[in-house]
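Position 105 of the sequence shown, counting from 1, maps to 107 under the numbering used here, and the rest follow consecutively.
Do not take every clue at face value.
Pairwise CB distance ranges, derived in the manner of DEER restraints [what the hints assert, rightly or not]: (1) Ala26 <-> Val59: 28 to 38 Å; (2) Glu55 <-> Glu104: 30 to 40 Å; (3) Val103 <-> Glu55: 12 to 22 Å; (4) Asp30 <-> Ser70: 32 to 42 Å; (5) Gly88 <-> Thr45: 15 to 25 Å; (6) Gln81 <-> Arg41: 29 to 39 Å; (7) Gly88 <-> Glu43: 16 to 26 Å; (8) Thr78 <-> Ala108: 35 to 45 Å; (9) Glu55 <-> Ala101: 30 to 40 Å.
If you are wondering where the hints come from, they were derived from the structure by calculation, not from laboratory data. Source: prediction; values computed, not measured. Note that the Cβ used here is the ideal one computed from N, Cα and C, for glycine as well.
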Amino acid sequence: MMTVPWVAPDACTLPTAEQPLRVAEFDDLFGRYLVRVERPEATRGVLVLSGPEGLQVTVRELADREASCCSFFGFTVTQLPARESGTVGVRLDVEVPPARVEVLSALLERAESARGGDRHVG
């Protein structure tokens with residue numbers, strides 16, 4: 003799997019040594035569960051994921067940790083209806099101020115690059 007390089011924005015307060023670990027967490031999440039990426043506005047992206055029960059908790063915890071070090075991110079996590087297959091869908095809305103559009107673009111590009119095989123959310 004090839005991913006685009008990630009450089010933490012200057013406003014990030016996560017210690018430099020921990021940044022590659024956080025990137026790896028996002029890559030793992032996207033690689034295993036990402037279904038699609040949408041960009042309805044320049045300052046907002048939508049990531050739709052599908053996976054096992056508890057995925058919403060995993061996404062929320064990662065988003066909360068990211069928002070604590072990069073406070074310009076606004077994350078909203080929404081559980082989608084469960085499917086008969088036992089998988090659940092999760093919608094992650096990501097918002098940034100206009101001055102941080104390039105960071106959102108990099109995140110969405112990285113998500114697409116890390117995305118695994120085809121998945122479907124009902």
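Which numbered hints fail: 1, 3, 4, 5, 6, 7, 8
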